[in-house]
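Asks: Protein chains in written order, with my numbering: chain P, 10 to 145; chain C, 10 to 145.
Any copy, or any two copies together, can satisfy a pair, since identical chains are not distinguished.
Only pairs whose alpha carbons sit at most 25 Å apart, straight line, appear in this in silico BS3-like list of lysine-lysine:
1) LYS20 <-> LYS35
2) LYS81 <-> LYS38
3) LYS12 <-> LYS81
4) LYS22 <-> LYS35
Think of the hints as simulated: they come from the structure by calculation, not from any bench.
There are 2 protein chains.
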Amino acid sequence: MFKVKVLTIGKCKEKWLSSALLEYEKRLKGKLSMEWILAKDDTQLTEMALKESFIALDPKGTLLSSEQWCEKMMTLGLRLVFVIGGAVGLSEQLKKHAQFIWSLSPLTFTHQITRLILAEQLYRATEIERGSQYHK
Amino acid sequence: MFKVKVLTIGKCKEKWLSSALLEYEKRLKGKLSMEWILAKDDTQLTEMALKESFIALDPKGTLLSSEQWCEKMMTLGLRLVFVIGGAVGLSEQLKKHAQFIWSLSPLTFTHQITRLILAEQLYRATEIERGSQYHK
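Please take these sequences and the hints and turn them into a complete structure.
Replies: Here is the structure:
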């Protein structure tokens, strides 16, 4: 089973986000667990991230199709840590330390939307891997 | 004021989506109005789309940063029609007819997430255009 930890900044104030994330967490039950660690600022995020081997999310990272992400994910091991940067993006220090920098899109997204996309792409990858029709 | 029409397939069953879209529609009030037209299948979507001059959303289209999308949007006039393809993607006919094919990401998204990203990017573009700090 995959154990996923996501380090990000801020709160989950939006009800719609909690309810959407809950939906994906339910679907992922038994295959992948998600833990959201919310840092209070960039300094705390950096401190926490530097203790981990992590995948950074940044619009300037490598763009992948969902199938390519699935392939990549299967090579990364069962314990995955993601870092979503703050409002000013990821620091150079975090970029250097990252095992991989993944771009969900060259568009800038809010944290909330980034979290939702990440959860859905993790679910999609598990469905691609098991050969279901979800991703078609 | 921008008048945006989005043609897509399916229903808005998810409560979280309705509530998230409502949030962006509220923020866009007075600057941009959004109308969602939900076709029942690909045939109906194609029929409706062929009567319009539209921007197609497709993972294989042109990737843009939010700033590039804002610039592009300002050249397209005040009446914008978007077409989000069905589960099998956009037909060749629709691709040929589109005035522009925009890729939100090379990743495959659900319709729900595509609709949310589109609403947020339209809001972001209006904020970039008015020089606010939202997009930073």
